[in-house]
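Here the protein sequences come in this chain order: A and B. The numbering used here numbers the first residue of the first sequence as 1 and each following residue consecutively. The numbering used here numbers the first residue of the second sequence as 1 and each following residue consecutively.
Some hints here could point you the wrong way.
Below, a list of computed lysine-lysine pairs in the DSS-like style, where the Cα atoms sit at most 30 Å apart [what the hints assert, rightly or not]: (1) A:Lys159 to B:Lys28; (2) A:Lys126 to A:Lys142; (3) A:Lys142 to B:Lys30; (4) A:Lys138 to B:Lys28; (5) A:Lys45 to B:Lys33; (6) A:Lys188 to B:Lys7; (7) A:Lys126 to A:Lys158; (8) B:Lys15 to B:Lys28.
Note that these hints are calculated values from the structure, not bench results. If you're wondering where the values come from, they're calculated on a predicted model, not measured in any experiment.
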Amino acid sequence: MFSWMSAFVAPFVIAHGGSFWHDTIALVIPPTEIPIDISYVPDPKFKSLIIGLTFGTPREYDPSTGTIGPELVSTDVGIYHAQTGYMDWHWDPFVESILKTNPYPQLLWSSHERPYQLRVVNYTGKYIWCEVTFWVIKFPRKVRCPIYGECDPEDLFKKYMSGVTKFFVAIGASEAESLVKVFESLAKAEGVTVRVGEK
Amino acid sequence: MREELVKRISEEVRKGRVVIIHPAASSKFKGAKVSAIDYPR
């Protein structure tokens, strides 16, 4: 899905008992002049890291027969969405640049107490059928960390990502010789003696 | 689509409610104008 997922997020997931998950829903949206609010409430037993939202092709829907009709692409229908503390409200109209691309990841922590928020708008005058998939990694509500002890996975993930950034900033600011020392000390911590450049 | 599902969707959307269909829709999706249908189970 995203290259950064395997590089930086997957190790955290494996180390802290996360499990990959998704919820795929079908939505039938009536024509409405008033936007409709929906809360996506993750399982209360877990903390959920929402990593993405993808949309299927919206289609016209006939409620009298249940017939799913032709594809509908329009700026008159779509979904606003937000996650408190992570993502501001913004508009995803049902147009090709939204429906057919997946340009950025989401890394939004959500929980039973802090659900993911959606606001559906449909000014087309038509009933619409569409599907949405929420891509999620579920973590236990508390995880063990050798440095910080038992912690909230959301807090630990922030520390972890901050550490990734600090590490690469340090590399960017370092001379080659000091990097060699870093790798030697890391190897030493693992009980291995390595001399970079020596055979 | 099953007839009873079509009927249920029809009833709810004609009231102006968004219908969400998922096996655990009622526990995961909330809203004053949201009708969750737990299907399939």
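Query raised in the report: So which of the earlier hints does this model not fit?
Result: Checked against the structure, the hints that fail are numbers 2, 6 and 7, while the rest are satisfied.
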